[in-house]
Each structure stands twice: as structure tokens, then as C-alpha cells.
Amino acid sequence: MNRFQKAFGKGHPALICFVTAGDGDTAANLDALVAGGADVIELGMPFTDPMADGPAIENANLRALAKGTTTRDILDLARGFRDRHPDVPLVLMGYANPMVRRGADWFARAAKDAGVDGVICVDIPPEEDSELGTHLRGEGLDIIRLATPTTDAARLPAVLDGAGGFLYYVSVAGITGKQQAAMASIETAVAALKARTELPVAVGFGVRTPEQAGAIAAVADGVVVGSALVELIAEHGNAAADPIRELTKALADAVHGARKEIA
Amino acid sequence: METTSQTGMPNSFRNQPDDRGHFGQFGGRYVSETLMPLILDLDREYRAAKEDPAFDAEFQDLLTHYVGRPSPLYFAERLTEELRKDAPDGKGAQIWFKRDELNHTGAHKINNCIGQILLAVRMGKTRIIAETGAGQHGVATATVAARFGLPCVIYMGAKDVKRQQPNVFRMRLLGAKVVPVSSGSATLKDAMNDAMRDWVANVHDTFYIIGTAAGPHPYPEMVRDFQSVIGHEAREQMMQRTGRLPDLLVAAIGGGSNAIGLFHPFLDDADVGMLGIEAAGHGLDKEHAASLAGGSPGILHGNKTYLLQDEDGQIIEGHSISAGLDYPGIGPEHSWLKESGRVDYSHITDKEALDAFQLLCRTEGIIPALEPSHAIAAVVKRAREMPQDAIILANLCGRGDKDIFTVAEALGVEL
Chain G
1 MNRFQKAFGK GHPALICFVT AGDGDTAANL DALVAGGADV IELGMPFTDP
51 MADGPAIENA NLRALAKGTT TRDILDLARG FRDRHPDVPL VLMGYANPMV
101 RRGADWFARA AKDAGVDGVI CVDIPPEEDS ELGTHLRGEG LDIIRLATPT
151 TDAARLPAVL DGAGGFLYYV SVAGITGKQQ AAMASIETAV AALKARTELP
201 VAVGFGVRTP EQAGAIAAVA DGVVVGSALV ELIAEHGNAA ADPIRELTKA
251 LADAVHGARK EIA
Chain S
1001 METTSQTGMP NSFRNQPDDR GHFGQFGGRY VSETLMPLIL DLDREYRAAK
1051 EDPAFDAEFQ DLLTHYVGRP SPLYFAERLT EELRKDAPDG KGAQIWFKRD
1101 ELNHTGAHKI NNCIGQILLA VRMGKTRIIA ETGAGQHGVA TATVAARFGL
1151 PCVIYMGAKD VKRQQPNVFR MRLLGAKVVP VSSGSATLKD AMNDAMRDWV
1201 ANVHDTFYII GTAAGPHPYP EMVRDFQSVI GHEAREQMMQ RTGRLPDLLV
1251 AAIGGGSNAI GLFHPFLDDA DVGMLGIEAA GHGLDKEHAA SLAGGSPGIL
1301 HGNKTYLLQD EDGQIIEGHS ISAGLDYPGI GPEHSWLKES GRVDYSHITD
1351 KEALDAFQLL CRTEGIIPAL EPSHAIAAVV KRAREMPQDA IILANLCGRG
1401 DKDIFTVAEA LGVEL
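So the sequences go chain by chain: G and S.
Just so you know, we're using my numbering here: the first sequence kicks off at 1 and counts up by one.
Just so you know, we're using my numbering here: the second sequence kicks off at 1001 and counts up by one.
Derived from the structure by calculation, the hints contain no laboratory data.
Everything hinted at is true.
Pair by pair, the computed Cβ-Cβ distance ranges are:
# : chain 1 : residue 1 : chain 2 : residue 2 : range
1 : S       : Ala-1158  : G       : Gly-237   : 22 to 30 Å
2 : S       : Val-1179  : G       : Gly-257   : 39 to 47 Å
3 : G       : Asp-113   : S       : Asp-1205  : 41 to 49 Å
4 : G       : Thr-188   : S       : Val-1179  : 29 to 37 Å
Simulated crosslink set (BS3-like; lysine-lysine; CA at most 25 Å straight-line):
#  : chain 1 : residue 1 : chain 2 : residue 2
5  : G       : Lys-249   : G       : Lys-10
6  : S       : Lys-1159  : S       : Lys-1351
7  : S       : Lys-1125  : S       : Lys-1177
8  : S       : Lys-1159  : S       : Lys-1286
9  : G       : Lys-67    : S       : Lys-1286
10 : S       : Lys-1159  : G       : Lys-67
11 : S       : Lys-1381  : S       : Lys-1286
12 : S       : Lys-1177  : S       : Lys-1162
13 : G       : Lys-178   : S       : Lys-1177
14 : S       : Lys-1351  : S       : Lys-1085
15 : S       : Lys-1125  : G       : Lys-178
16 : G       : Lys-6     : G       : Lys-112
Note that the Cβ used here is the ideal one computed from N, Cα and C, for glycine as well.
This is chain G alone, in the form it adopts within the complex (with noise of 0.2 Å):
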């Protein structure tokens, strides 16, 4: 069993989170994330051009750059929270430029060396996978898929193929950090989903709160939050991890008790 399955496998839905490598005391965050309940922790990869994302987690981005924050900062970031939570699930997460620049096959010998489980890459999509995924599956890492509100039935399929880990429903066709979309499209969204993967279904992109996070988590196996821990380390710096430590407290509380029967 894997980190992944493992995780997903405990008998509640599961707390994703996210914050951005480089941005405030990440270590510390990092650590806060797994102390206040996070089962599964998405490290983000800094990028100069963001696109997909809001200006909470692109400002993020740009702190993080600001620092002078490397690739090889983020692996270490990667290697030393593996080191001191051999269990916890850790994403990579990010854009594609940075993860092919020294070619796709370093990248997944860096990222498996450092004791990454999966990487979410936000703009190559399924048809170019070649670019990534297959590197990335040929060293045993998962490369987790984004379905949205406009991939079809028709698409699924391709969206599927090859995808491991979880699959990341993003509720919202916009980008993150902005408004949640009304919950009976999201159950309506993810039954549609579940009933065509094995794999644990995860909603993300506007879930902010616990009261959210909760609904979200009666009719999902996960949800993933970013923009609201991310904007703790806007507010506080370097003093982030209390906060964060009870923002994902409140979270995992909702989540992990929104339903129990699941296994």
C-alpha cells in the first residue's frame, strides 16, 4: 500500500493541503500542516508566471521567488519534511516550465530521490503527457490529474489514463483562491467521477472554511486547501506556523468528522 492509499484509507475523507516552497518558514509550515491533521501536503512550485492562480498564491509565488528560492531549495524542502514524516503523502505542485527545464527524466529522479510520492503539473495537459507523466510514472512517482467543470464525459477518459494517486476535482472553471461553486454541483460532479475511477476523488480551488470544508467532505474523499493557509503567511511572515497549526486544526476537524463510514 502506498502513501497515497494509505492516507486515503482511513476510514474519513482526507485534509489536502497546500502552501508554496520558499514563501515564509516553510519547514515550519510544513510541520504545522502535519501537526494540526493534514493528510496529504501539496508543495508548491514557484513560478514567475502563475496563471492558474489568484493573487493570494501568485503573490505567494513571487515572495517565495523574491527569497531566491531554487529548484534545488524546493527538493530540500521535500527531502528534509520526508525525513521528519516518513508517512505523510507529499505532492509536488506547480508549472511546467520549471519541472522540464533540466529535462522531465532529472526532474523525476530529483523529486523520487527526495521522497515525493505525486505531482500535480497545472498546464500540461493529458495530450501532452509524454512531456512529463511517462518520466514521472517510470520512476513509480504519481502524476495526479485535474478534472473541471468542462472536462466532458468524453474527455474523462483521456484524463484517466495514466492518472495515479488522487484525482483533484477543481469545483470552479476560474482560477484559485475565488469563489466555491454551489455544492449540489460539486456532489453531482463527483458521483459523476467516482463512478468511473478507482481513485479517490479530492475537491479543491475556493474551499476557504471549515463549515466548507465540511460540506465538501460529506460527498468527496478529500479536499484540498491553498489560498487560506497562504494568505496566513502573507499576515504573519516567518511566524506563520501557529496559525496555520490551527486553521488545519479547524479543517481536519470538519473534514475527518464529516463522515465516517468512508473506507
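With chain G's structure known, arrange chain S on it following the hints.
This is chain S only, laid out in the frame that chain G set:
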């Protein structure tokens, strides 16, 4: 499968891209999943429009009666004579210009905007967005949006809004909403990021009119096809006027839409040389915008192409005195044409472009935009090396009215 001759060269340089939008290793569709279904839909609609004679008829009609095409082909006799003065004996090629600066709105950008807005209307889209750098594409987009009665939002870097005030006012007069983008470097690439963010949130009703031959497939092909009217006209006009094809085509390149529009119809004419000119800014060892000369392949804004980037794949801001060339990438077909060796690419500095700008004003009574001034500077260098019966054809892709403030500042003149 690509057919290649025994020399390893393609049998045709005009059959790219493949059906997934690849020009060799370049191009493709690198967009988020939300946009993928829309991009595929756009591709289908574009194929259907290409086959529809009614679509082409309306495109041609608007080019003729609204844009003012065909644009003239002009023999620049005084410039030719001027350059012969200090050329070696028997040297000094004839210089001709394709005068796309005489189009409605003052640049080649309108050709593409007409094509794309017809496609938007055909697809039932009711809202138009675009990015702009210098403001030329923004003005052209605002123009066609007004002509077709569609609301229009233009994203423009806050820095560019400041340095291109006349174009900002033009867009507003035309009814467009201009949104200054202050994130990142606050220039063209950031405007493009924000246009993509708008698009992904409004895919149901919004058409994104991309201004250059870049972005996810089918944009590079589509923009090239709409801009190819430049090369098709030039080819026919040159045959009529001189009975032969030019020896060398020259065009400036930011994203590369005017260049690919001129080059593409000539790509299989083996005797026609081609030269694309990137902006070398303060010099290639300093700040510049020459992605081919000073960059490497990467993925940005929906396509794989040469980019200015650091060793970690972070994008480096471009610099050029010409806001229209100030972009850290280049259209993917140019990346392929460079690697295949069919087109030569070189570069011209801010200073050389400024000199060429003034030279054309004085010798021909034409105030060129700073973008084609880069091409003219390259023509000045090449003409001296070529025999007098050789023909150089350069694309005068925009007029310089918009640039007089920039030029005045660079020359130390207070207006």
C-alpha cells in the same frame, strides 16, 4: 509521419503544424484542464471555418473595405540610393517595403483581429478579451469589437499603460475597458497571464483574441494563416512589378506574427532567403528580448518555444525600446524554422533601431514604428553586402505615430 527528403530536410516547410499543433518539438497545447475542452472546440471550429467559403468571403471583404487591403508594395528608391553611397562597388540591393503600416489602425495586427472576431461570432461568443504590450493589438482588438458590437476587455501591463497613453485613450474611445496589470513585471507577459486568468473563469461566453502567432494550438497556426495575407499579396505584387521573387525577406520579431505572415507563403521558394530580427535591447550581454539568440526551449503561455529563462526555468523579463518586441518568448513556428535552418535569425539593438527609424523618416518620408525599425536596421546592414540587382523586401508592419514620445525621450528632446 513527417516526410523528409534524403538530405533530412522536410519536403515542405508549409505543412506544419501536425494535428496536435506541434511544429517539430515546438508548439503544442500546454494549458490547464479547464481550457482544454475549449481549445479543442476552437480547433474544430477553426477547421470548419477554413473549409467554409462564406467565412473566407467575409474575411476578404472586410480586409478590402474596412482594413484597406491590399497594402502597397513600395520601392524605396531614395533609401536604396542612400545606402549605395558607401557600399562597395556594384553592391547595394534594391529595397522594397510591404506597407502594412497603411492598414486601418496603423499596423498589421488588424488582419488577425478581423479573422479571430469572425470566428468568435461564428462560435456564438459574446465577450472579447485580449492582451496588449505597446497597445497596437489592443487598439486593433478594440476596433473590431466596436465594429461587431461586442464588449471588450484589454489587459495591459501597468508599465505599458504609463508609457503608451495615446493607445490607452484610443482603446477607451473605441469602447474597450483597459485593465492595468500590476503583478509580476507589469508588462506584456503579465498582461497575458491575466488575460488567461479571465479566460479560464469565463470560458462559456468569452473569446480570447491572442495578438501574436503564439499560445496554445490552434492560435499559432490561426494567427499565421490570417497574417499570411501579407506574404500572399507581396508575392503576387512582386511578380507583377518585377517579374521575379525577392532574394531576401526581412521582418522584425517579438512574438513573430508579422514575420510569419510575410515568410510563410514563400517558405517553399528555395531561392528566397529570410531573415527574422529580434530585439537586442541594450545588447545581448545586457537586457534584451531576443529569445532565439539568448534563450532556450521551454513552456510558457500554452506553447513550447524558445524563452528567456534562468537555470530553474523562471522567466526573465525582456527589454526593448519597442514595447511590441518586449516579450520573453517567440511564436513556436519561428523556433522550428530556426532549428530547421530555413530562416536566419539575427538581432538589432535599441540604438541601431533608433538610427534606422530616423534614416527612414529622412530618406522616404515615412515614420515607421520602432518594431519595423529593427527590420530596417538589418536591411541597412544586408543591402551593402548584396549586388545592386538583388531585391530585399522588408515588412513595414506598423507606423510610428505611437512611438514619437519614446523616440523623443531617447533622443533627449522634450516635447
